[in-house]
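Trainee: Below are the chains, spelled out letter by letter.
Number of protein chains: 2
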Amino acid sequence: MASHKSPASSAKQGLAPLEHMSKSDTILLRKRLVGESCKLFFRSDPLKIVRAEAQYMYDEQGRAYLDCINNVSHVGHCQPDVVAAASRQLAVLNTNNRFLHDNLVLCAQRITDLMPEPLSVCFFVNSGSEANDLALRLARTHTKHRDVITLDDAYHGHLSSLIEISPYKFKNIQNHKQADWVHVAPVPDVYRGKYRECDHPGEDMGALYAEDVRRLCEKSTAGGGGVACYIAESLQSCGGQIIPPPNYLREVFRHVREAGGVCICDEVQVGFGRVGSHWWAFQLQGDDIVPDIVTMGKPMGNGYPVAAVVTTRAVADSFRAAGVEYFNTYGGNPVSCAVANAVLQVIEDQNLLQHAKEVGDYLLARCRELQARHSLIGDVRGVGLFVGIELVTDRVTKQPATAEAQHVLSRMKDESILLSSDGPDRNILKLKPPMVFSKQNADTFMAVLDQVLEELDDGDLPDPVPEQPVSQTNGKTNGVNGHRRKSAAEA
Amino acid sequence: MASHKSPASSAKQGLAPLEHMSKSDTILLRKRLVGESCKLFFRSDPLKIVRAEAQYMYDEQGRAYLDCINNVSHVGHCQPDVVAAASRQLAVLNTNNRFLHDNLVLCAQRITDLMPEPLSVCFFVNSGSEANDLALRLARTHTKHRDVITLDDAYHGHLSSLIEISPYKFKNIQNHKQADWVHVAPVPDVYRGKYRECDHPGEDMGALYAEDVRRLCEKSTAGGGGVACYIAESLQSCGGQIIPPPNYLREVFRHVREAGGVCICDEVQVGFGRVGSHWWAFQLQGDDIVPDIVTMGKPMGNGYPVAAVVTTRAVADSFRAAGVEYFNTYGGNPVSCAVANAVLQVIEDQNLLQHAKEVGDYLLARCRELQARHSLIGDVRGVGLFVGIELVTDRVTKQPATAEAQHVLSRMKDESILLSSDGPDRNILKLKPPMVFSKQNADTFMAVLDQVLEELDDGDLPDPVPEQPVSQTNGKTNGVNGHRRKSAAEA
Numbered sequence: 001m002a003s004h005k006s007p008a009s010s011a012k013q014g015l016a017p018l019e020h021m022s023k024s025d026t027i028l029l030r031k032r033l034v035g036e037s038c039k040l041f042f043r044s045d046p047l048k049i050v051r052a053e054a055q056y057m058y059d060e061q062g063r064a065y066l067d068c069i070n071n072v073s074h075v076g077h078c079q080p081d082v083v084a085a086a087s088r089q090l091a092v093l094n095t096n097n098r099f100l101h102d103n104l105v106l107c108a109q110r111i112t113d114l115m116p117e118p119l120s121v122c123f124f125v126n127s128g129s130e131a132n133d134l135a136l137r138l139a140r141t142h143t144k145h146r147d148v149i150t151l152d153d154a155y156h157g158h159l160s161s162l163i164e165i166s167p168y169k170f171k172n173i174q175n176h177k178q179a180d181w182v183h184v185a186p187v188p189d190v191y192r193g194k195y196r197e198c199d200h201p202g203e204d205m206g207a208l209y210a211e212d213v214r215r216l217c218e219k220s221t222a223g224g225g226g227v228a229c230y231i232a233e234s235l236q237s238c239g240g241q242i243i244p245p246p247n248y249l250r251e252v253f254r255h256v257r258e259a260g261g262v263c264i265c266d267e268v269q270v271g272f273g274r275v276g277s278h279w280w281a282f283q284l285q286g287d288d289i290v291p292d293i294v295t296m297g298k299p300m301g302n303g304y305p306v307a308a309v310v311t312t313r314a315v316a317d318s319f320r321a322a323g324v325e326y327f328n329t330y331g332g333n334p335v336s337c338a339v340a341n342a343v344l345q346v347i348e349d350q351n352l353l354q355h356a357k358e359v360g361d362y363l364l365a366r367c368r369e370l371q372a373r374h375s376l377i378g379d380v381r382g383v384g385l386f387v388g389i390e391l392v393t394d395r396v397t398k399q400p401a402t403a404e405a406q407h408v409l410s411r412m413k414d415e416s417i418l419l420s421s422d423g424p425d426r427n428i429l430k431l432k433p434p435m436v437f438s439k440q441n442a443d444t445f446m447a448v449l450d451q452v453l454e455e456l457d458d459g460d461l462p463d464p465v466p467e468q469p470v471s472q473t474n475g476k477t478n479g480v481n482g483h484r485r486k487s488a489a490e491a
Numbered sequence: 001m002a003s004h005k006s007p008a009s010s011a012k013q014g015l016a017p018l019e020h021m022s023k024s025d026t027i028l029l030r031k032r033l034v035g036e037s038c039k040l041f042f043r044s045d046p047l048k049i050v051r052a053e054a055q056y057m058y059d060e061q062g063r064a065y066l067d068c069i070n071n072v073s074h075v076g077h078c079q080p081d082v083v084a085a086a087s088r089q090l091a092v093l094n095t096n097n098r099f100l101h102d103n104l105v106l107c108a109q110r111i112t113d114l115m116p117e118p119l120s121v122c123f124f125v126n127s128g129s130e131a132n133d134l135a136l137r138l139a140r141t142h143t144k145h146r147d148v149i150t151l152d153d154a155y156h157g158h159l160s161s162l163i164e165i166s167p168y169k170f171k172n173i174q175n176h177k178q179a180d181w182v183h184v185a186p187v188p189d190v191y192r193g194k195y196r197e198c199d200h201p202g203e204d205m206g207a208l209y210a211e212d213v214r215r216l217c218e219k220s221t222a223g224g225g226g227v228a229c230y231i232a233e234s235l236q237s238c239g240g241q242i243i244p245p246p247n248y249l250r251e252v253f254r255h256v257r258e259a260g261g262v263c264i265c266d267e268v269q270v271g272f273g274r275v276g277s278h279w280w281a282f283q284l285q286g287d288d289i290v291p292d293i294v295t296m297g298k299p300m301g302n303g304y305p306v307a308a309v310v311t312t313r314a315v316a317d318s319f320r321a322a323g324v325e326y327f328n329t330y331g332g333n334p335v336s337c338a339v340a341n342a343v344l345q346v347i348e349d350q351n352l353l354q355h356a357k358e359v360g361d362y363l364l365a366r367c368r369e370l371q372a373r374h375s376l377i378g379d380v381r382g383v384g385l386f387v388g389i390e391l392v393t394d395r396v397t398k399q400p401a402t403a404e405a406q407h408v409l410s411r412m413k414d415e416s417i418l419l420s421s422d423g424p425d426r427n428i429l430k431l432k433p434p435m436v437f438s439k440q441n442a443d444t445f446m447a448v449l450d451q452v453l454e455e456l457d458d459g460d461l462p463d464p465v466p467e468q469p470v471s472q473t474n475g476k477t478n479g480v481n482g483h484r485r486k487s488a489a490e491a
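Read top to bottom, the protein sequences are chains D and P. Just so we're aligned, residue 1 is where the first sequence starts under UniProt numbering, counting upward by one. Just so we're aligned, residue 1 is where the second sequence starts under UniProt numbering, counting upward by one.
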C-alpha cells in the first residue's frame with residue numbers, strides 16, 4: 001500500500017492544516033498518476049485549492065480568490081444547508097432506486113413542478129453527460145429515427161456518444177471523422193456567427209438561423225436516417241456564452257417536429273435559475289417554448305454528482321415499451337436526492353433567481369460601461385449570472401483577441417480573481433459564478449478588469465502571451481491577512 | 001413549487017420518523033413522476049427502505065432485512081468512517097479536478113499501488129458506466145482500431161456505447177440491430193456454456209473458450225475494423241456469476257494483443273477485494289495476467305458516485321497525444337476521493353479481504369452441502385463473497401428453474417432476506433453482500449434457503465409463479481422487536 005503523510009505528520013513539516021503534502025509533491029504525483037488529458041487551470045502555475053466557502057476559494061497559503069467560474073457550486077461553495085442534508089442522509093441510507101424512497105419522489109415532484117406541462121417524468125443519473133446520453137437514447141427510441149442535429153461549437157459531455165455531437169471537442173481530435181448521423185447547424189450567434197445582426201438589420205434572426213436547421217432536417221430525412229432530435233444548450237456555454245435571438249427555438253422546434261424529431265434542451269450549465277428571470281434558460285424564448293426532453297446536472301447537486309432527464313409521458317412510455325430496463329446504480333439515491341432537494345430549497349429561501357437577475361443586470365450594465373472605454377471589448381452579452389465579454393483586436397473585423405484574453409485571465413488570477421475564457425478562439429471571458437455572487441463582487445471584478453484592460457491599452461501584452469505566473473514573492477508572503485490582494489478577492 | 005409534508009407533519013399522521021409520506025403515496029408519486037423503465041425490486045410489492053446499517057436494511061416499519069445483494073455498500077451500509085470522511089470534506093471543499101488537490105493524488109497513489117505494473121495512470125469518473133465508456137475511448141484512440149469483442153450476456157453499463165456491447169441488454173431491446181463493430185464471444189461458462197466441462201474432461205477449457213475469441217479477432221481484422229479491445233468482467237456478474245476456467249484470460253490476452261487490441265478488465269462489480277484472495281478478480285487467473293485497462297466503480301465509493309479507469313502510461317499517452325482534453329465535472333473531486341480513500345482504509349483496517357475469503361469459503365462449502373440435499377441446485381460456484389447458486393429442474397438436461405428461482409427470492413424476502421437472481425434465464429441465485437457479511441449471516445441464509453427449498457421439494461411452487469407478496473398481516477404487525485422474522489435477518 002501507498003504510504004502517505006497523515007495531516008499530523010504534515011503539520012510537523014510546516015504544511016497547511018488541510019494539506020497532506022507540499023504543492024510541488026502534489027504536482028509531481030498528479031503528473032505521474034493522473035491522465036494528462038485531464039487538464040489543470042493555469043497550467044504553468046496551477047492553483048492548489050484546499051477550501052472554499054460561498055463565492056471564495058482558498059489556496060494552501062490561505063490566499064482568497066473570488067470565484068467567477070464555478071457554476072457547479074451553484075448556491076455557494078460548501079453551502080451549510082446542503083452539506084448538512086448530504087451528511088444527514090449519508091449516515092442513514094444511501095442505496096439504489098430499486099427500493100422506494102421519499103427523497104426520490106419528492107425530488108421528482110419539485111423538479112417537475114418547475115417545468116411546463118407536459119414535462120412530467122424524471123430519470124435520475126449522475127452527471128450531465130449521463131443525462132445527455134440518456135436523452136439521445138430516449139429520442140431515438142421514441143422517434144425510431146437515427147440522426148442528431150447539434151450546434152457548431154457545442155459541448156454536451158465527455159462520453160463517446162456525446163463527443164460525436166460535440167464539435168467543440170471533435171474538431172480538436174486528430175483524424176476525427178464526423179459520424180454520418182450527425183448534422184451540425186450554425187451557432188445562433190448574432191455577433192460573429194453565420195448571420196450577423198449588423199448584416200441583417202431588422203430581420204428575424206431567429207427564423208434565419210432556424211432555416212438552417214430546417215435544411216438539415218430535410219437532408220436527414222432524405223438521407224434515410226431521419227431526425228431523432230435537435231439538441232442544444234438553451235444558451236451555448238463552451239461555445240462562447242451565446243444568447244440565441246428571439247424566435248429561434250420556436251422556429252427550430254417547429255421544423256424539427258415537422259421532421260418527426262424531438263427537441264432536447266441541455267440545461268446542464270444554465271438551468272436552476274442562473275438566468276435570473278426563469279428557472280430554465282429555454283423559458284427566455286417564450287412561455288410557449290416547451291422542449292420534449294430537458295437535461296440538467298451541475299448546479300443540481302452543488303458539487304454532489306446528481307443529474308436528471310425530464311421528459312414527457314409519451315417519450316417515457318416509448319422507452320418503457322421498448323422493453324429495456326434502465327438502471328443507474330447511484331441515480332436518484334436518497335443522498336443525491338436529499339442534496340438536490342436542499343439545493344432547490346436554498347434557491348427558494350434565498351430568493352436566488354431574483355438575486356441573479358439583479359446582480360446580473362448590474363454586472364452587464366457595468367460591462368457595457370467598460371466596453372465604452374475599452375475598444376478590446378467587442379461584445380458584451382448575457383442574462384442573469386451568465387455573462388460573456390468577447391475580446392477583439394478590431395471591432396470592425398472582429399479579429400478574436402485570443403492572446404489578450406489569455407493575458408487577462410492570468411492577470412486576474414494574479415489579482416485573486418478566477419475567470420476563464422471560452423469559445424472556439426478562447427477570446428470570450430466567461431462569467432458563471434456561484435449564484436451568491438454580489439454586486440460588491442461585481443464591482444471588484446469590474447475594477448480589476450478595468451485596470452488589466454488599461455494595462456493592455458498601454459501595450460502591456462507580453463509576447464508570447466501565456467499565463468503570467470504568480471511571482472514567487474507573492475506565493476510566499478501572502479495570506480488572508482495583510483496580502484495586498486485580499487481586498488480584491490474578499491471585498 | 002411542490003408542497004410536501006415535512007417530517008414534523010408526517011409524525012402527526014403516524015408516519016415513521018424517516019418518512020415524509022405513506023408507502024402508498026410514495027408508490028403513487030413514483031409511478032407518476034419517475035420513468036417506469038427504472039424498475040423496482042419485488043415489483044408487485046416493493047420495499048420501502050428508510051435506513052440501513054452494515055449488512056442490514058430497514059423498512060418503514062422497522063423490519064430488518066439481511067442484505068445479500070448490495071455490493072455497492074461494500075464496507076457496509078453507512079459505514080461510520082466513510083460517512084465521516086464524506087461529511088468532513090463536503091464541509092471544506094468540493095470542486096473539480098482542474099485545481100490541484102491532495103485527495104485526488106493520494107487516491108491515485110493508493111489505487112495504482114494495488115495494481116500490477118505497468119497499470120499506473122488513473123482517470124476519475126462518476127460511475128462504472130462512465131469508466132467503461134472512457135475505457136472504450138482509450139482503447140480506440142490507442143489502437144486506432146474500431147471493433148470491440150465482448151462476451152455474450154455481458155453488461156457493461158447503461159450508456160449508449162455500452163448497451164451496444166451488452167448482449168444482456170440489447171437482446172431484450174425490440175428491433176435492436178447488433179452493431180457491425182461488435183463481436184460477441186461465448187461466456188466462458190463450463191457448467192452451461194458452449195463448452196461444458198462434462199463434455200470435455202481433462203481439456204484446457206480456458207484455451208478452448210479463448211479459441212473463439214481468437215476466431216473473432218481474425219474476423220475483425222479481416223473485416224477491416226480491427227480489434228480495438230476485448231472487454232469483460234473479470235467474473236461475469238449479471239450473466240450469471242460465472243468463474244472463467246484457468247488459463248482463459250492468459251490465452252485471450254495473447255490472441256487479442258496479437259491482433260493489435262488491448263484488454264480491458266471490468267472490475268466494477270467484482271473489484272476491491274470481493275474475491276477475498278486478491279484485490280482484483282483478474283488476479284485469480286495468475287500473477288502474469290495484466291490487463292491494459294481496468295475499470296472500477298460501485299464498491300469504490302460505498303454508494304458515493306466515484307469510479308475510475310486505470311491504464312498504462314502508453315495508453316494514457318496515446319489519449320493525450322490525440323489532442324483532446326478530458327474533463328469530468330465531478331470526477332476525482334476532493335469529496336469522492338476522500339470517500340474512496342476512506343473505503344480503502346476500512347478494507348485494510350478491518351482486513352476485509354481475509355474476511356471475504358473465510359466467509360466466502362464457508363458459504364460455498366455450506367451451499368455445496370445444500371446441493372447434496374436438493375436436486376434443484378444444479379451448480380454452486382463462486383469465490384469470496386461472489387457466489388452463484390444455479391437452479392435447474394433437471395440436473396442432466398440442466399433445464400433452468402426460472403420459476404422456482406423467482407419463488408425462492410419471494411420466499412426469502414418473506415423471511416427478511418434480500419436476494420436476487422440473474423443470468424439470461426434468471427435462474428441463478430446471486431449473492432454479493434456487503435463485505436461485512438458474517439458466518440452467522442451465512443448460517444441464517446443457508447437455514448432459510450434450506451427451508452424454502454424443502455417447501456419446493458414438497459411441491460409448494462404456486463402456478464403461475466411470480467413473486468409472492470408479503471402478506472398484509474406480516475406487513476402490519478412486524479417491527480424490530482417481536483417480529484418473528486427478526487431473528488432470521490438479524491441473527
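Hint data in this document are derived by calculation from the structure and do not stem from the laboratory. Predicted model, so just to flag it, every value in this text is computed and none were measured. Any given hint could turn out to be false.
Since the list gives no way to pick out one identical chain from another, each pair is judged satisfied if it fits inside one copy or across any two copies.
As the list claims (entries may be wrong) - Within a straight-line C-alpha distance of at most 30 angstroms, the following computed DSSO-like cross-link-like pairs (lysine-lysine) qualify:
#1 Lys219 x Lys194
#2 Lys39 x Lys357
#3 Lys439 x Lys177
#4 Lys177 x Lys219
#5 Lys171 x Lys144
#6 Lys177 x Lys144
#7 Lys357 x Lys177
#8 Lys177 x Lys23
#9 Lys171 x Lys39
#10 Lys23 x Lys144
#11 Lys23 x Lys171
#12 Lys194 x Lys23
#13 Lys413 x Lys398
#14 Lys439 x Lys23
#15 Lys171 x Lys357
#16 Lys194 x Lys177
Trainee: Would you mind marking each hint as holding or not holding in the structure?
Mentor: Quick rundown of the hints versus the structure:
no., hint, result
1, Lys219 x Lys194, "within (19 angstroms within a copy, 46 angstroms between copies)"
2, Lys39 x Lys357, "neither (32 angstroms within a copy, 40 angstroms between copies)"
3, Lys439 x Lys177, "neither (46 angstroms within a copy, 56 angstroms between copies)"
4, Lys177 x Lys219, "both (19 angstroms within a copy, 24 angstroms between copies)"
5, Lys171 x Lys144, "both (28 angstroms within a copy, 17 angstroms between copies)"
6, Lys177 x Lys144, "both (24 angstroms within a copy, 13 angstroms between copies)"
7, Lys357 x Lys177, "neither (42 angstroms within a copy, 49 angstroms between copies)"
8, Lys177 x Lys23, "neither (40 angstroms within a copy, 52 angstroms between copies)"
9, Lys171 x Lys39, "within (18 angstroms within a copy, 39 angstroms between copies)"
10, Lys23 x Lys144, "neither (53 angstroms within a copy, 37 angstroms between copies)"
11, Lys23 x Lys171, "neither (34 angstroms within a copy, 51 angstroms between copies)"
12, Lys194 x Lys23, "neither (46 angstroms within a copy, 55 angstroms between copies)"
13, Lys413 x Lys398, "within (26 angstroms within a copy, 69 angstroms between copies)"
14, Lys439 x Lys23, "neither (33 angstroms within a copy, 46 angstroms between copies)"
15, Lys171 x Lys357, "neither (35 angstroms within a copy, 50 angstroms between copies)"
16, Lys194 x Lys177, "within (23 angstroms within a copy, 38 angstroms between copies)"
Consistency note: the structure conflicts with the earlier hints numbered 2, 3, 7, 8, 10, 11, 12, 14 and 15.
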